[in-house]
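A.B. asks: Residues per chain, in single letters:
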Amino acid sequence: MKAAVIQFPGSNCDMDMMHALQDFGVDATLVSHNATDLSDYDAIFLPGGFSFGDYLRSGAIARFSPIMDAVKQADEAGKTIVGICNGFQILTEAGLLPGQLMQNEHPGFLCDEVKLNITNADTEFSRAYPTNEITLPVAHGEGRYYADQATIADLEKNQQIVFKYRTNVNGSSDDIAGITNQKGNVLGMMPHPERAIEAILGNTDGRKLFESILDN
Amino acid sequence: MGKVPEPMRNEPSPEEIKENKIYRDWALTTEEYDLICEHLHRLPNYTETGLFAAMWSEHCSYKKSKPVLKKFWSKNERVLQGPGEGAGVLDIGDQQAVVFKAESHNHPSAVEPYEGAATGVGGILRDIFSMGAQPIAVLDSLRFGELNNNDTKHLVNGIIAGIAGYGNAIGIPTVGGEIGFDATYQENPLVNVMAVGLLNQADMQVGKAEGIGNRILYVGAKTGRDGIHGATFASSDFDSGVEKNRSAVQVGDPFLEKLVMDATIKAIREHGDEIVGVQDMGAAGLVSSSAEMADEAGTGVHLDLDKVPQRETNMTPYELMLSESQERMLLVVKADRVAQVSQVFADAGLSAVDIGEVTDDGKYVLSFKGQQVADVDVNYLTNPPKQVMQQSKPQHLNDEGNNQYQPQITDASETLTSLLKQSTIASKADLFKHFDSMVKTNTVIKPGGDAALVRIKGTSKALAMTTDISGRYTYLAPKVGGELAVAEAARNIVATGATPIGITDCLNFGDPDLTIQKFIMNLHSRVKELTTWQKN
Amino acid sequence: MLDPQGEVIKSGLTHMGFNKIESVKQGKYFEIKFAAADMEQAKQELVKMIEALLINANTETYRYDLKELED
Amino acid sequence: MLDPQGEVIKSGLTHMGFNKIESVKQGKYFEIKFAAADMEQAKQELVKMIEALLINANTETYRYDLKELED
Ligand SMILES: Nc1ncnc2c1ncn2[C@@H]1O[C@H](COP(=O)(O)OP(=O)(O)O)[C@@H](O)[C@H]1O
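Protein chains in written order, with my numbering: chain L, -18 to 197; chain X, 75 to 610; chain A, 118 to 188; chain U, 118 to 188.
Isolated chain L, as found in the complex (with noise of 0.2 Å):
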């Protein structure tokens, strides 16, 4: 699998998610947000961090980056994308993924391990995982999803959403850790996956997220 990684003035997850793909044997590449074209990649990854220092909204700026246009073009190719913490964000603002994340209900940054239902067990990006419940890390100031009802109905009724907060730490809506567009090929979640990939960190549960979209 050919991998992009995109990088936006501000990402700071970049070079970890670029670990995280290599220690997969993935062929991991940085692409600049300068960038116009993703058509040699299988799967694209927006990385997290603060993107144009999050200045205005978290992921507002980067969605004009010229890159986001390869982005909507891979999405309609029915490539995987995948969006971590700012990297869901800019998705949101860009429209990939519906809803919005706001700032946390009780603002300020939160760095901890939180403990997820696995909600959708068949998608591209939950499909190896043998249990229910799984623990990963968050890191944000802005990671409270919002949608209206309708939307939130939607995505429930589509199966859209993969994870869950089991305690909702951010007073996200319907307790949305992470969710997909609705063909499936567009995950956008706060957790981060890629720091909860070796033993000598503490916590692994962050490994079958890339199996199962190396299994596709």
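Hints are computed from structural coordinates only; laboratory data are not their basis. Values in this document were obtained by computation on a predicted structure and should not be read as measured data. Worth double-checking, as some hints may not be accurate.
Said to hold, decoys possible - The calculated label-pair distances, taken between Cβ atoms and stated as ranges, are:
hint: 1; chain 1: X; residue 1: LEU221; chain 2: U; residue 2: THR178; range: 27 to 35 Å
hint: 2; chain 1: X; residue 1: ASP410; chain 2: L; residue 2: GLY183; range: 46 to 54 Å
hint: 3; chain 1: U; residue 1: THR178; chain 2: L; residue 2: ASN113; range: 48 to 56 Å
Each residue gets a CB set at the ideal place from its N, CA and C atoms; glycine is no exception.
With the hints as your guide, set chains X, A and U with the ligand onto chain L.
C.D. replies: Leaving out everything else, chains X, A and U with the ligand in the frame of chain L:
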């Protein structure tokens, strides 16, 4: 020096400076001022007086504490760079080195908790990457007044948010630290931040302006009026006093710093041989960075101030030289390689501006709007006459009684619970959860342990790091307090299974006095002991 | 619209002793200087900027004031 | 004052093709409903709230509009 350029019209003349002893507002003594006049064979103008005041301040020159600080035992086979540069550097094998330093940002944080703490993180990170190292961790060591006070809560919230705001955004994990509360710190919180970096030894940079004709490049944020202390007569374009006061607050921009950091490290890796010196602009910004680099190399510097990127209009040479605007770096680059080095910054959307050159005459020369506005000796400017510290034993040490305090414990479990309830002892997890401690995916032991442990990817090594203060002990008995701080830090390191290999100290005193001397002499012997013991 | 910050500020003010607060809303405010041929074009440009970037229409609304400046 | 946010928004807009932008400043905006005996007292309360909590006097300035509402 010809006709006075417009922005400088309101500045006092050299005679007025002498007459009204204006230099004293900038903490230059009359003796020092007289020495300067004697050295120059003329009266220094406003800009020059400002340069000397800044460079001869204790903050920049350590003119009082240096003789004592020299006593530290700072050499062994690991030490690649001891005191004197932006940060200390220790060999960790495999052609790698660890770079680390701690710095306080107490006063700015007391005035403006969020920005004060945030810019403290920004400043210490620049010290690390200006050596060519990639910052890998931040630690913080904080002291506040008692927590039952609203002002303290305001300071705690602002300072924690400031450290988080800067460190999280720039993507360097805050992996450890400590927080204590004591009424002593009621209006004077201590905000000490430490940064640790990883260096490929081949990339090591020092702040040296070598090579006659080499160019001086300015990178990063534009210069504004932030952080300019003292009487700024020239700022009469402000319409109100309030406005003027505000301009003294430094505001951090972690987004810009990340761009500057990444590009500087890249430039050093790709053009290390053509980049002769790198220094961040910290205290006394442009003057201290450029003058120190020239002094280090025994050269002179000529800067063209019209080229300095400016955020505000009508700035004077004094303001440009002394501004403490954040996120700025100075690079000395071989004259024929300016284009290549500048390109690295341009690729990151930054501009590297050529603002001057290295000269052979040992002079510090500034030009502004076609005039020469300063001309002094670099060496004289950067090396104030050493001062012997006033020595007198602090009163509270004289007052100390002989009777030993013996606690009376009637109900041990109650004593225990009341101890655990003390804010200094209670868990700080509610505060440090605001710090991203995991970004970069190297943090093996996160906040909450004894020391933080950060692994080095691609090797089987990890670095243990901790910060400790023993304020109350040091106050009561400087010698024992110093010993205990070193010992506690060492214990924390050892508890992770690591071996202590180096110490950086960050001493927050009032005015330099006897305490420092005693404290340092003693730290020195303790450090020596520890390292000797480690070798055996 | 969801405004957690407004809520936090309200409860902060109430704690500080301002006890007659009914509601607090908070939002962002921008001051943009830009060149345009005339007021009509300026208005169109401004609305474009607002809707494309400055607000997120999911959760935010806006109002604006347009003023002509000498140049 | 330095306004990094305003700077970045400005360059964002410029990249998007709005190329005649001279400056962007950004700030916060609050709408507070509260009870007071009269306009004079309301004004005093408001200024107190602003200076005590809403702005950071070191880095921010403010202006306000006060309007009477029916209850
Ligand atoms: N301000 C802080 N920033 C990061 N980590 C902190 C901070 N304060 C405390 N910690 C973490 O909590 C641990 C325990 O703190 P403390 O109780 O002060 O330690 P000690 O065991 O040294 O008395 C520290 O080692 C550190 O990992």
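A.B. asks: Decide, hint by hint, whether the structure agrees.
C.D. replies: Verification of the supplied hints:
| no. | hint | result |
| --- | --- | --- |
| 1 | X:LEU221 <-> U:THR178: 27 to 35 Å | 32 Å, holds |
| 2 | X:ASP410 <-> L:GLY183: 46 to 54 Å | 51 Å, holds |
| 3 | U:THR178 <-> L:ASN113: 48 to 56 Å | 53 Å, holds |
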